[in-house]
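**Student:** What follows is the residue order along each chain.
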Amino acid sequence: MSKLKLNGVSKAYGATLALRRGDLEVMSGEVHVLMGSNGSGKSTLCKIIAGAVRPDAGKILIDDTPVTITGPRSARAQGIGIFYQELSLAAHRTVEENISLAALPVKSGVFVDRTALKERAARYILLFENVAGEGFSADALVGNLRPDQRQLVEIMKALASEAPLLIFDEPTSALDRAQVDRFFEILRDLKSRGRGIIFISHRMDEIKAIGDRVTIIRDGETIATLNLAETDAATVIRLMVGGAGDMPASQSSAPAAVDGKDGAALTVRGLSGRGFRNVSFEVARGEILGFGGLHGQGQSALLRAIFGAGSITAGEVLIGESRFDASSPRDAIRRGCAYVSGDRGRDGVISGRPIIENVTPIHYLRHRLMIARPRKLRDKVTPALESMHTKFASLFHPISSLSGGNQQKVIIARWLIDRPDVLLLDDPTKGIDLSAKADLFTLIRQLAAQGLGIVLYSSEDAELLGNANRILVFNGGSVTRELTGADRTRYNLYQAAYEAA
Amino acid sequence: MSQVVSRFLSFIRQPIIAALVLIVLLLYLGQMLSPGFASGGQILRLLIVASLLGIIAAGQNVVILGGREGIDLSVGGVVSLSAIIAGNVMNGADSGILPAIAACLAAGGFFGLLNGLGVTLLRIPPLVMTLGMLGVLQGLLVVIRMGIPSGQAAPALSRFVTQPLAFGIPGIIWLWIAIGVLMALMLNRTVFGHRIYAIGSNEHAAYMAGVPVRLIRIALFMLSGMFAAIAGLCLLGYSGTSFANVGEQYMLPSIIAVVFGGTSLAGGKGGYTGTMAGAVLLVILQSILTTINIDESGRQMVFGATLLLLMMFYGRGRAMRA
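Protein chains in written order, with this note's numbering: chain A, 1 to 501; chain B, 1001 to 1322.
Only chain B is shown next, with the shape it has when bound in the complex (with noise of 0.2 Å):
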């Protein structure tokens, strides 16, 4: 008997496991405070947001399984420049939609690109490096936008993430399934995947066994300004037009979603799957937050207080230290 339940425990611990049945839970309890939160459309509209944040949260994983306290704090700023850069090239036309798409990927990957250099060639700190480039990436929106609103998105890109696409279900979802898959095959089947988690478990050991460490380190965050730049462009098909900021709100989340999916923060461990369902109890949990009527700013102490826990519940403490 005690063996059913040691087994049973040892299923439920799995962090995949308990993000499902978390998940679930939550959307009993958004049923019972507020009946139709469990509706198909509601599911649906959740859905939406959390690809936005999953899409984000990509990018974060890759980062974080490289190890030596891998962590990307600029997301937020790629999203809301990339959402701006789009909103500004394609200015409400279809046929801009394939040119802003380029150049969103373009900064992305650029600023990522600084990031990686920044981190590898110069040896600054992940936390440091990428947090200055939060502060170059907010003063930077400031001088385009200089307050002002602008850009419009394409009809299509706001079809593209509101509207179903196929069997019901909008593009921006089939959009991160399709990320999910082809995250688990990089991940499991690449040489690529096998050499971040080699460098994100011993970094040292890799270099000996001809793994060109930095490299890899600098694509990984090329890779997190790509992701992140993808989801604005989405999260500007979502709103309709740009407004001040609206990626900052996603960087904590980001890091939590991972976390959440069981992927250490000591790096070398963990996968994308798990980071979805992460991202999907997220934003259910925010959501209920908003039922219950708790702003954004107790939305950000509950979200910072849950990594914490988090923190504590798979004892990673030693994951952060310097």
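If we strip away everything but chain A, and leave its shape as in the complex, we get (with noise of 0.2 Å):
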């Protein structure tokens, strides 16, 4: 029997198509799996069935019958629960009142119904008895909770609602082993009462091991439903990646190996931090080594951990030849080395500020200066922003009144007035548009000619393929591959990517 049933459902913001077209049958007792790659449109889906988005167009059927859900509230009441991936917890209060958030049990029509609060609670705890690890308890605050626990009370939450549609974003990113395969046992025994479940994982180890069928998007478009009993890993990769997955074209362009002879310009061995483990690579001066694998495995954390503002615990990194371990930003911008963050608005521009003055405070550290005399740097910064083409009034205008992209370019070009021999870009074309990126990645490989050392980390896999001599895949925190010379592939990369540790 049917449970819920999109039809043509489609979604845009803007200019921008998130959903083109999304087709999709959740039966009643089934675990339905979504795949797709970042940005394919899964959570848009996901969202229009919880109702957190309208949809533009399309139709929705639950249990046969068409319906439409106005918000959160009406999609509760139509029996959908939902697990957010970006926890929707209240920190500061109990797990036990958290487990219940969506719906407290009241008495006399005013006041929470303590008893029914902690029977209720008590239910859900009790399916994760002793997984959940030291410290879980009813009345403990979700604030003081490890992620793994946080990331159950978000699950037992969803339970709670007993709704007869669930579903999960990626609720299993932070479990552990025991966790997961209680996770499952929980899920199988409500399919088992005929409830319908939507699954979304990157894991194929899991997908195989939960998911009864299998929905892949691509683009914003539902490409197909397979019974995953009867596929293995490679099709349904295969079906992500598209039909151009083994063709040339979608093979690297960059050149596969740089003549080394000039020596490493970064090394990193055995590198293990707050977000990663176990480290280990090289970057040769002129080399652009790509960092892949699915957004938040740990290649943020690297870079950030490398540029000083993050955690090391064990390992070593060297500049050159010697050992460089930076306690700061400010001590690894002393000794060489550059850092571009995707995420402008947090690590990089100075908001309100003219567009000079975040373009010296590099030039003004590196060379100790005391006095600033904006209009005597205009000699250098000015080439630096015109090597990327930035469009600027002037350098006195407030770095505000530029786009996105051309905000990026002036963070960037704060590195270029003194070279750097190490820079490390960190997802750098994150929310620009394609000219100016296109300008970004020239610059690139300019500086990669120059001789510096570039390490590439970018959520787009044409990025990585376009630019990378060598690209490491990342999960969980580690390297599990290295793609060299013609393995530089869009199908090895997602199957690395995919494939578990």
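These aren't lab readings, by the way, just hints derived from the structure by calculation.
Computed from a predicted model, the values in this text were never measured in an experiment.
Keep in mind that the hints are not guaranteed to be accurate.
[Stated by the list, open to error] Straight-line Cα separation of at most 30 Å, DSBU-like style, residue types lysine-lysine; simulated pairs:
| # | chain 1 | residue 1 | chain 2 | residue 2 |
| --- | --- | --- | --- | --- |
| 1 | B | K1269 | A | K430 |
| 2 | A | K380 | B | K1269 |
| 3 | A | K59 | B | K1269 |
| 4 | A | K437 | A | K380 |
| 5 | A | K380 | A | K430 |
The two chains are supplied separately, each in an independent frame; assemble them into the complex guided by the hints.
**Tutor:** Below you can see the structure in the form of structure tokens.
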């Protein structure tokens, strides 16, 4: 029996089509897996079902009856419960209150019924008995829990909705083996009681273990629905990549090897810290080393740690021949290390200040200057900005008057006045337009040609394939695969990213 | 026509222009209420008082510019402490002036350092840290003085504050002008100044660009303490002897002057020139309130309400969100 059916559902944000055509059918008693790369439209689809986003077109049927979902409350009323990837918990409240947050039991019309609340919470906490770990109890504050325990609370909260249709958007990312096994037992039990479950995960082994059918989304379109028992991982990945997966067109256009006679620019040996463990690699002068893999597998954490803005618990970093363990970005900059973040608003832009003041801080620091003479620096700042075709009216206009792409160019320009030896790029093109991207990559390749060692993490495979001489694929905080030469294809990149570590 | 009007409106909405216009209007109002209010001698007296407030506000200004809810509520305590230290060190003798200056700056810098360390290393919100420090200072004042007025200003100090020094203008006003020029140079022409704005606008981005965020924030609180100490010294010269909690009344006005001058309480935006205009404006307002027989408590109420009104006018309520 069909529990939920979507027919030609679409959603556009301005000019961007987030979901072109979504078709999906979830049966009672089935775990239905959604797969697709970052930005393919999975989350939009889930948000539409959960009522967080209103679709532009298409039909939604629950139990074969057409429905309109007007908002999250309406979705709940129609029997839909959701686990959000970005947890939606109240940090200062207890576990039991969070479990019932969506519908607190009430007595006499106003007061929270504490007895009912405790009873209800106890039921769901019991489900994860023995695997929840130390310090997990009904009256613990959610803010004091470990990430995996918080994720368990969010799962319990979704389960407590007792909805006939449950959506789990990456529910296992922080859980350990035993917790995942217990969670899957619970899902199987729900299945046997006729619930419909939508499950999103990037881990092929989990999908195989729990899923009945899989629907693949690519570029905002649901491509195919397959029976998981009758398919293998390669088929699924090939569908996600698209037909062009093995063709030369999607092979890397960057040269496979760099003549390494100039020696290593950056060497990392056995580096561990928060978010990554035991990572080793070497970047030659003139080389662009790509970091690939799914989002949040330790790539950013590693780059920030090398730059002195994260924690390192073991291992060593060398710039050139000499030991380099930056204790702060200030230290790293002095030693010739540069870092560009994709999160401009947080890490880069000094908002409300003139463009020139956003370019000069690195120069002041490296030359230990005391007096700021913006007009004298104009001759240094202008060429740096022009090398990327930055569009600006005057150096003394506030940086906030520029578009996102031009702001990012300004941030990059600050590293160009005094050449660093190592350039760390942390998804640098996030949210900027195509022409700005092209300008940036032209510059990055030029810098490599001038002998900089460059590490490029990008969430867009095309950028990695188009620019990196080698690609390290990250999974769960460590490097699981290195792609070199002709192996640098879209298909291999996907496969390495989705395969369990 | 409407373009001219809108241009005029945007011109007048610039905080410093608005402050200057209000200054002229208030002087006119004062003259109406009490003839002689806007006379040369009276204006000089107002400027002397304004320079005391303005020097304190310079410290307040840099702390606020540094962002992260930066504010220094302990300035009043430092002013009082500095006045007492200066009075006891110089004790009516001109030869004691230099040691007094050194002692006051050291004390102001020390308490500023404590504020800075508390805010950066212990991560105590500035509001709480400096309020606690104010409490400590008030207690300390009671212990030192035991309620008995002590200490005399040196004659040269009193002359510096109250008598004309050059072109008929007292030394303290010249000092204030010099501080104004130095502040403008520091904020606009030194790397330190640019870094103050950088940490005030986006602390994390500044950190990632190699700005020593903690050191700078500590330096700002130290500057604030030292400016308050200089003001305390001058205040002693103004009144002759130090008396109970002379500095207390300056805390609220020093914040209002900064906000009046167009500095955002969120940090990273503003400058000292506007603050100077704000200080003059407040002193005139205070004087008018005195002229129409409104006592100290009434003046405090008016000041408090003025600050709240300003916050609404500039739409900076978000600045104070914790």
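**Student:** Just to be careful, I want the Cα atoms of K1269 of chain B and K430 of chain A compared with a cutoff of 30 Å; is the pair within it?
**Tutor:** 28 Å, holds
**Student:** When you check the alpha-carbon spacing of K380 of chain A and K1269 of chain B, does it fall within 30 Å?
**Tutor:** Measuring from Cα to Cα gives roughly 26 Å; hence the hint holds.
**Student:** Under the criterion that the straight-line Cα-Cα distance not exceed 30 Å, is the pair K380 of chain A, K430 of chain A satisfied?
**Tutor:** Holds. K380 of chain A to K430 of chain A sits at ~27 Å (cutoff 30 Å).
**Student:** Does K59 of chain A pair with K1269 of chain B here, judged by a C-alpha cut-off of 30 Å?
**Tutor:** Outside the cut-off at roughly 51 Å; violated.
**Student:** Between the alpha carbons of K437 of chain A and K380 of chain A, is the straight-line distance 30 Å or under?
**Tutor:** The hint holds at about 23 Å.
When the structure is compared with the earlier hints, a violation turns up for hint 3 alone.
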